[in-house]
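*Asks:* Using the sequences and the accompanying hints, generate a full structural model.
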Amino acid sequence: AQKITQTQPGMFVQEKEAVTLDCTYDTSDPSYGLFWYKQPSSGEMIFLIYQGSYDQQNATEGRYSLNFQKARKSANLVISASQLGDSAMYFCAMREFASKIIFGSGTRLSIRP
Amino acid sequence: GAGVSQSPRYKVAKRGQDVALRCDPISGHVSLFWYQQALGQGPEFLTYFQNEAQLDKSGLPSDRFFAERPEGSVSTLKIQRTQQEDSAVYLCASSLGSLDINPDTQYFGPGTRLTVL
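Top line first, the protein sequences correspond to chains A and B.
Start counting the first sequence at 34; every next residue gets the next number (my numbering).
Start counting the second sequence at 3; every next residue gets the next number (my numbering).
Calculated from the structure, these hints are not laboratory results.
Predicted model only: the values in this text are computed from it and were never measured.
A virtual CB, placed ideally from N, CA and C, is assigned to each residue, including glycine.
Any given hint could be a false lead.
[As the list claims (entries may be wrong)] Calculated lysine-lysine pairs in the DSS-like style (CA-CA distance at most 27 Å, straight line): (1) A/36 x B/59; (2) A/133 x A/106; (3) A/106 x A/36; (4) A/36 x A/133; (5) B/80 x A/133; (6) A/133 x B/59.
[Unchecked claim] Here's a subset of chain A near chain B, in silico, CB distances under 7 Å, partners left out: (7) 43; (8) 45; (9) 58; (10) 76; (11) 77; (12) 78; (13) 80; (14) 133; (15) 138.
[As the list claims (entries may be wrong)] Listed next, with one range per pair, are the computed distances between beta-carbon atoms: (16) A/45 x B/89: 27 to 37 Å; (17) B/78 x A/49: 39 to 49 Å; (18) A/118 x B/10: 19 to 29 Å; (19) B/53 x A/63: 20 to 30 Å; (20) A/114 x B/66: 29 to 39 Å; (21) A/145 x B/66: 39 to 49 Å; (22) A/59 x B/59: 21 to 31 Å; (23) A/114 x B/60: 40 to 50 Å; (24) A/114 x B/70: 24 to 34 Å; (25) A/36 x B/70: 27 to 37 Å; (26) A/62 x B/19: 39 to 49 Å; (27) B/12 x A/145: 23 to 33 Å; (28) A/105 x B/70: 38 to 48 Å; (29) A/36 x B/99: 23 to 33 Å.
*Replies:* Pasting the structure below:
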């Protein structure tokens, strides 16, 4: 069965610093996808970045990059040069082939000015 | 429309009442998903539609929960005889393709916050 684990309930980071949000997963399916979503206080889930299990390179989207270590089954999100607007809940999620998405429990990121 | 919309944004119900939550997906999106998000938790899958067909309802917590998408666009999640444990945010998401396509990113609506007194 697929499983997602986020071990950091909350993090505080100084503005302009880089931050890494941890995510580990478990699956026996060789074909899967990993997602990161941001959920600000308004409640809407905002898609940030995607990594496929067969992708050779780590995904990047602007200030977001995904540190994909397949052998360790980890998919950490790296946010470079953090901004005050980055304060939110962040969810790691996984989907096996033709299956539903499951989400981790989330990490609350707070950016200090 | 530009994104997924949901209505109402907030709903307060007395225990035992029936409620109906509406989701308008992004135009042209084939797949539609409903999730339940308890306070401080990640979303939990409820059900999935591909067009008008409900292909997976394994996450519905009881037979009091019912979802439909009769014309393959707008969807309604209905909860009968609401209980206090039904209090949560109900999120709807849509995606362009079907589950066998990766990444087929899901785009979420703002959610409906249901409070059952």
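*Asks:* So, for every hint listed, does it hold in this structure?
*Replies:* We went through each hint and held it up to the structure:
About 19 Å separates the Cα atoms of residue 36 of chain A and residue 59 of chain B, which keeps this hinted pair within 27 Å; it holds. Only pairs whose Cα atoms come within 27 Å are accepted, and residue 133 of chain A paired with residue 106 of chain A is accepted, the gap being roughly 19 Å. A distance of roughly 11 Å separates the Cα atoms of residue 106 of chain A and residue 36 of chain A; the hinted pair therefore holds under the 27 Å criterion. Among the hinted pairs, residue 36 of chain A with residue 133 of chain A is consistent with the structure: their alpha-carbon atoms are about 12 Å apart, no more than 27 Å.
Of the supplied pair hints, the one linking residue 80 of chain B and residue 133 of chain A holds, its CA atoms being roughly 21 Å apart against a limit of 27 Å. Proximity of residue 133 of chain A to residue 59 of chain B is assessed by CA-CA distance (about 11 Å); at most 27 Å being required, the pair is judged to hold. The beta carbon of residue 43 of chain A comes no nearer than 11 Å to any beta carbon in chain B, farther than 7 Å, and the hint placing it at the interface is violated. Evaluation of the residue 45 of chain A hint against chain B yields a violated restraint, the C-beta minimum of about 18 Å exceeding 7 Å.
Contact between residue 58 of chain A and chain B, as hinted, is not supported at the beta carbon level, the nearest pair being about 13 Å apart and thus beyond 7 Å. The interface hint given for residue 76 of chain A holds, since its Cβ lies 5 Å from the closest Cβ of chain B, which is under the 7 Å cut-off. Given the 7 Å rule on beta carbons, the hint for residue 77 of chain A holds: about 5 Å separates it from the nearest Cβ of chain B. For the restraint placing residue 78 of chain A at the interface with chain B, the shortest Cβ-Cβ distance is roughly 4 Å, inside the 7 Å limit, so the hint holds.
For residue 80 of chain A, the interface hint holds, the least distance from its beta-carbon to any beta-carbon of chain B being 5 Å, beneath 7 Å. Here the hint on residue 133 of chain A is kept, as its CB sits about 5 Å from the closest CB of chain B, short of 7 Å. Here the hint on residue 138 of chain A is kept, as its CB sits about 5 Å from the closest CB of chain B, short of 7 Å. Distance hint check: the CB atoms of residue 45 of chain A and residue 89 of chain B are about 30 Å apart, consistent with the given range 27 to 37 Å.
Taking the beta carbon of each, residue 78 of chain B and residue 49 of chain A are about 45 Å apart, inside 39 to 49 Å as hinted. For residue 118 of chain A and residue 10 of chain B, the Cβ-Cβ distance of about 27 Å falls inside the hinted range of 19 to 29 Å, so the restraint holds. Checked against the hint of 20 to 30 Å, the C-beta distance between residue 53 of chain B and residue 63 of chain A comes to roughly 29 Å, which is consistent with it. Checked against the hint of 29 to 39 Å, the pair residue 114 of chain A and residue 66 of chain B fails, with Cβ atoms roughly 47 Å apart.
Between residue 145 of chain A and residue 66 of chain B the beta carbons are some 44 Å apart, a value that agrees with the proposed interval 39 to 49 Å. With their beta carbons about 25 Å apart, residue 59 of chain A and residue 59 of chain B fall inside the hinted range of 21 to 31 Å. Checked against the hint of 40 to 50 Å, the C-beta distance between residue 114 of chain A and residue 60 of chain B comes to roughly 41 Å, which is consistent with it. A hinted range of 24 to 34 Å is violated for the C-beta pair residue 114 of chain A and residue 70 of chain B, which are about 45 Å apart.
One distance hint, 27 to 37 Å for the beta-carbon pair residue 36 of chain A and residue 70 of chain B, holds here, with the actual separation near 31 Å. The hinted window of 39 to 49 Å between residue 62 of chain A and residue 19 of chain B holds, with their beta carbons roughly 41 Å apart. Here the CB-CB span from residue 12 of chain B to residue 145 of chain A is close to 31 Å, well matched to the stated 23 to 33 Å. For residue 105 of chain A and residue 70 of chain B, the hinted distance range of 38 to 48 Å is satisfied, since their beta carbons lie about 42 Å from each other.
Distance hint check for residue 36 of chain A and residue 99 of chain B: the Cβ-Cβ separation is about 25 Å, which falls inside the suggested range of 23 to 33 Å.
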